[in-house]
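Q: Could you build the full structure based on these sequences and the hints that come with them?
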Amino acid sequence: GNSVTQMEGPVTLSEEAFLTINCTYTATGYPSLFWYVQYPGEGLQLLLKATKADDKGSNKGFEATYRKETTSFHLEKGSVQVSDSAVYFCALSMRGSTLGRLYFGRGTQLTVWP
Amino acid sequence: EAGVAQSPRYKIIEKRQSVAFWCNPISGHATLYWYQQILGQGPKLLIQFQNNGVVDDSQLPKDRFSAERLKGVDSTLKIQPAKLEDSAVYLCASSSSWGQANEKLFFGSGTQLSVL
Chain A
464 GNSVTQMEGP VTLSEEAFLT INCTYTATGY PSLFWYVQYP GEGLQLLLKA
514 TKADDKGSNK GFEATYRKET TSFHLEKGSV QVSDSAVYFC ALSMRGSTLG
564 RLYFGRGTQL TVWP
Chain B
497 EAGVAQSPRY KIIEKRQSVA FWCNPISGHA TLYWYQQILG QGPKLLIQFQ
547 NNGVVDDSQL PKDRFSAERL KGVDSTLKIQ PAKLEDSAVY LCASSSSWGQ
597 ANEKLFFGSG TQLSVL
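These protein sequence lines are chains A and B, in that order. Straight run, no breaks: the first sequence in the numbering used here ends on number 577. Straight run, no breaks: the second sequence in the numbering used here ends on number 612.
The set of hints was computed from the structure by calculation and includes no laboratory data. A virtual CB, placed ideally from N, CA and C, is assigned to each residue, including glycine. Careful: at least some of the hints might be erroneous.
Some chain A residues judged to face chain B by a derived CB distance under 8 angstroms, without partners named [stated by the list, open to error]:
# : residue
1 : Glu-505
2 : Gly-506
3 : Arg-564
Below are the DSS-like pairs computed for lysine-lysine, each with C-alpha atoms no more than 27 angstroms apart in a straight line [claimed, not checked]:
#  : chain 1 : residue 1 : chain 2 : residue 2
4  : B       : Lys-507   : B       : Lys-579
5  : A       : Lys-519   : A       : Lys-540
6  : B       : Lys-600   : A       : Lys-523
7  : A       : Lys-519   : A       : Lys-531
8  : B       : Lys-600   : B       : Lys-567
9  : B       : Lys-511   : B       : Lys-574
10 : A       : Lys-515   : A       : Lys-540
11 : B       : Lys-600   : A       : Lys-540
12 : A       : Lys-531   : B       : Lys-540
13 : B       : Lys-540   : B       : Lys-507
14 : B       : Lys-540   : B       : Lys-600
15 : B       : Lys-600   : A       : Lys-519
16 : B       : Lys-511   : B       : Lys-540
17 : B       : Lys-579   : B       : Lys-511
18 : B       : Lys-600   : A       : Lys-515
19 : B       : Lys-579   : B       : Lys-558
20 : A       : Lys-519   : B       : Lys-540
21 : B       : Lys-600   : B       : Lys-574
22 : B       : Lys-540   : B       : Lys-574
23 : A       : Lys-531   : B       : Lys-600
24 : B       : Lys-567   : B       : Lys-540
25 : B       : Lys-540   : B       : Lys-558
26 : B       : Lys-558   : B       : Lys-511
27 : A       : Lys-515   : B       : Lys-540
Okay, the calculated bits of chain B under chain A, using three or more residues with CB under 8 angstroms as the criterion [claimed, not checked]:
#  : segment
28 : 538-549
29 : 586-593
30 : 603-612
A: Given below as structure tokens:
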């Protein structure tokens, strides 16, 4: 089946530290990959996406590269800010499917201290 | 543009009671989803509508959960009777495309349900 595995949280960093949140996936076909972010009290928002192998999604200083050979889509940011504190979800959706259903990982809580 | 609206924000009920959640998607969005997010887990799809028709309800516990999307706009999700394990955040999402794999979903803030 289709599933996403994320690194266990919570992750606590000091401001300006480097961030990596690991994400690996299992899929029956050729998925599109996403990172969604949920800030306190808000709904999930799309952070970035990649639709084919070797694509790099980027937004707000965050990046993730679609690695088909390692079935991974790790999220990185070179210098985190306090405002990046949130829960980050890795997700996939199957290409060629007309359903658009997202399969989510369990989420990783990030807390950034000043 | 206005986002996805959900109500209520919080709901506390006793087991075996009934509860209903309401969602108003972004205007013009054809596709509407209900997800269940249990504490410590990622959201799980319960049901997907395309306009007012159901296209995927394979994960919906139909003995107690029901959902409708009359007129292809607002949607309600009902639980009757509720069980303790139904305690979760219920998320509504919508998208403008016809359920394509790389579409962007817009999520509401969710309804947090506690079943005592």
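Q: For each hint, tell me whether it holds in the structure or not.
A: Comparing the hints with the structure gives:
The closest approach between the C-beta of Glu-505(A) and any C-beta of chain B is roughly 6 angstroms, which is under the 8 angstroms cut-off, so the hint is satisfied. Hint status for Gly-506(A): holds, given a least beta-carbon distance of 4 angstroms to chain B, under 8 angstroms. Against a cut-off of 8 angstroms between C-beta atoms, the interface hint on Arg-564(A) holds, since the closest Cβ of chain B lies about 5 angstroms away. The suggested pairing of Lys-507(B) with Lys-579(B) holds, with an alpha-carbon distance near 14 angstroms, which does not exceed 27 angstroms.
Simply put, Lys-519(A) and Lys-540(A) have alpha-carbon atoms about 13 angstroms apart, close enough for the 27 angstroms limit, and the pair holds. Straight-line distance between C-alpha atoms of Lys-600(B) and Lys-523(A) comes to about 17 angstroms, which keeps the hinted pair within the 27 angstroms bound. Pair hint Lys-519(A) plus Lys-531(A) holds up; C-alpha atoms about 12 angstroms apart against a cutoff of 27 angstroms. For the hint linking Lys-600(B) to Lys-567(B), the alpha-carbon distance of about 23 angstroms falls within 27 angstroms, and the restraint holds.
As the CA atoms of Lys-511(B) and Lys-574(B) are separated by approximately 14 angstroms, the hinted pair is consistent with the 27 angstroms bound. Distance check on the hinted pair: Lys-515(A) and Lys-540(A) sit about 21 angstroms apart at the alpha-carbon level, within 27 angstroms; holds. Distance restraint check for Lys-600(B) and Lys-540(A): the Cα-Cα separation of roughly 22 angstroms lies within the 27 angstroms cut-off, and the hinted pair is therefore satisfied. For the hint linking Lys-531(A) to Lys-540(B), the alpha-carbon distance of about 24 angstroms falls within 27 angstroms, and the restraint holds.
Taken as a hint, the Lys-540(B) and Lys-507(B) pair is honoured in the structure, with Cα atoms around 20 angstroms apart against an allowance of 27 angstroms. For the proposed pair Lys-540(B) and Lys-600(B), the alpha carbon gap of about 17 angstroms is at most 27 angstroms, so the pair holds. Using a Cα cut-off of 27 angstroms, the hinted pair Lys-600(B) and Lys-519(A) holds, with the two alpha carbons roughly 17 angstroms apart. For the hint pairing Lys-511(B) with Lys-540(B), the CA-to-CA distance comes to about 22 angstroms; that is within 27 angstroms, so the pair holds.
A distance of roughly 5 angstroms separates the Cα atoms of Lys-579(B) and Lys-511(B); the hinted pair therefore holds under the 27 angstroms criterion. Restraint check: the Cα-Cα separation between Lys-600(B) and Lys-515(A) comes to about 16 angstroms, which is no more than 27 angstroms; the hinted pair holds. Restraint check for Lys-579(B) and Lys-558(B): satisfied, since their Cα atoms lie roughly 13 angstroms apart, inside the 27 angstroms limit. Between the alpha carbons of Lys-519(A) and Lys-540(B) the distance comes to roughly 26 angstroms, so the proposed pair stays at or under 27 angstroms and holds.
Restraint check for Lys-600(B) and Lys-574(B): satisfied, since their Cα atoms lie roughly 26 angstroms apart, inside the 27 angstroms limit. A threshold of 27 angstroms between alpha carbons decides the hint, and for Lys-540(B) with Lys-574(B) the separation of about 16 angstroms falls inside it, so the pair holds. A distance of roughly 22 angstroms separates the Cα atoms of Lys-531(A) and Lys-600(B); the hinted pair therefore holds under the 27 angstroms criterion. For the given pair, Lys-567(B) sits about 25 angstroms from Lys-540(B) by alpha-carbon distance, which is consistent with the 27 angstroms threshold.
Taken as a hint, the Lys-540(B) and Lys-558(B) pair is honoured in the structure, with Cα atoms around 15 angstroms apart against an allowance of 27 angstroms. At most 27 angstroms may separate the alpha-carbon atoms for a hinted pair to count; Lys-558(B) and Lys-511(B) meet this at roughly 17 angstroms. Simply put, Lys-515(A) and Lys-540(B) have alpha-carbon atoms about 24 angstroms apart, close enough for the 27 angstroms limit, and the pair holds. Only residues whose C-beta sits within less than 8 angstroms of a C-beta in chain A count toward coverage, and the segment 538-549 of chain B has 5 of them, enough to reach three; the restraint holds.
Only when three residues or more bring their CB closer than 8 angstroms to a CB of chain A does the claim for the segment 586-593 of chain B stand; here the count is 4, and the claim holds. Check result for the segment 603-612 of chain B against chain A: holds, 4 residues qualifying (beta carbon to beta carbon below 8 angstroms, three or more required).
Consistency with the previously given hints is maintained throughout, with no hint failing.
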